[in-house]
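Listed below are the residues making up each chain.
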Amino acid sequence: MKNHQTPKIEVKARERTGSRYCRRLRAQGRLPGVIYGHKREPLAVSIDTKEIMSLLQQGTHVLALTVDGAKKTETCLVKDLQFGYLGDTVIHVDFARVDLDEEVHVHVQLSFVGTPASAQKAGAILSHDLSDLEVICRVSHIPEEIKVDLERMKDRTLLTVGELMLPEDVRAASDPGTPVAHVSFVHREEAVTEEVEVAPATTEPEVITEAKSDEQKKKAGT
Amino acid sequence: MKMPKRIKFRKQQRGTLKGRATRGNYVAFGDYGLQSLEAHWISARQIEAGRIAAQHFLRRQGKVFIRIFPDKPVSKKPLETRMGKGKADTNFWAACVKPGTVLYEIAGVQETIAKQALARIAHKMPVRCRFVGRRLAV
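As given, the protein sequences belong to chains A and B, one line each in that order. Numbering-wise, the numbering used here comes out as the position in the first sequence, counting from 1, plus 16. Numbering-wise, the numbering used here comes out as the position in the second sequence, counting from 1, plus 1104.
None of these hints come from the bench; they were simulated from the model. There's no promise every hint is true.
Label pairs and their in silico Cβ distance ranges [said to hold, decoys possible]:
| no. | chain 1 | residue 1 | chain 2 | residue 2 | range |
| --- | --- | --- | --- | --- | --- |
| 1 | B | GLY1123 | A | VAL223 | 26 to 36 Å |
| 2 | B | GLY1128 | A | THR131 | 26 to 36 Å |
| 3 | B | ARG1149 | A | ARG56 | 52 to 62 Å |
| 4 | B | LEU1121 | A | GLN125 | 32 to 42 Å |
| 5 | B | GLU1215 | A | PRO23 | 19 to 29 Å |
| 6 | A | ARG172 | B | GLU1142 | 36 to 46 Å |
| 7 | A | ARG154 | B | GLY1237 | 27 to 37 Å |
Ideal Cβ positions, reconstructed from N, Cα and C, are used throughout, including at glycine.
All chains, full assembly: derive it from the sequences and hints.
Written out as structure tokens, the structure reads:
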């Protein structure tokens, strides 16, 4: 994302902190958050939930925050999200103050395009090993998503991080050999055994403590 | 059916299922998952039934991940037995599931197919379930 595209968002400083006040804020349609970093005091803030969620779902990582209508904006990176117990609602956002020229580590969503030729064979299963990729880049160059063209795999069965076409000035933080997607094949024999679904004979698990106590008894006997 | 290979003690107390899941509560391996909304014991037989239901529907497409494991031995006294004389033998193995636990995950198929496959699994489960996707990455 380039600098001129950085979305601006209005936040309000919150004087009262704690779970009770945060719960009240959420009921009013605002999301509690905190801004920290650059050796300055952390600031507790609240943001409009709908506004921030629509930006996060688009893959936005960097925001220009205006605190209480001040003229100066703070460029912040979405550092962490806290989820509710069922994992679908965001309940808190962490923002880290950043410079646009700073290098940061961020997780960027992968978007898979196409189907490799190897996955079109009979019994082939295409699996995506990664759903997001940790990249190192300047704040001004964070991509919203990384497109993975699976058709480039052709007849091969493995696509690794090293083979990804990353945008300019963006490099992967993980090992180049890390698999991104792979194609596996179900053999006929396996398929037959799966269909039969014979439940294995129930056997008792080995009890470790009983084996030990038997050894101790033997030792005591000798 | 799934059961542990090695255990430290043959029998366990029943315990209680309090609170919500703090681990295993998000989709980690696949693209879509089935999340429990209730606390319950899920027996090895039910887990296996769910797996079979999904794999029959998927017809060797995609991959099914089972995120729970039955590691709790549940004992049951035989019928027409008087009380006492010690704890009975293990009757079945169960997984302790709390609200929020992701039970199954599916990878490598479209959302519509994953929804249908997970709905078939949900019918085999003793708990209310819902379909979930992956969390936002930051």
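| Failing hints, ascending? | none
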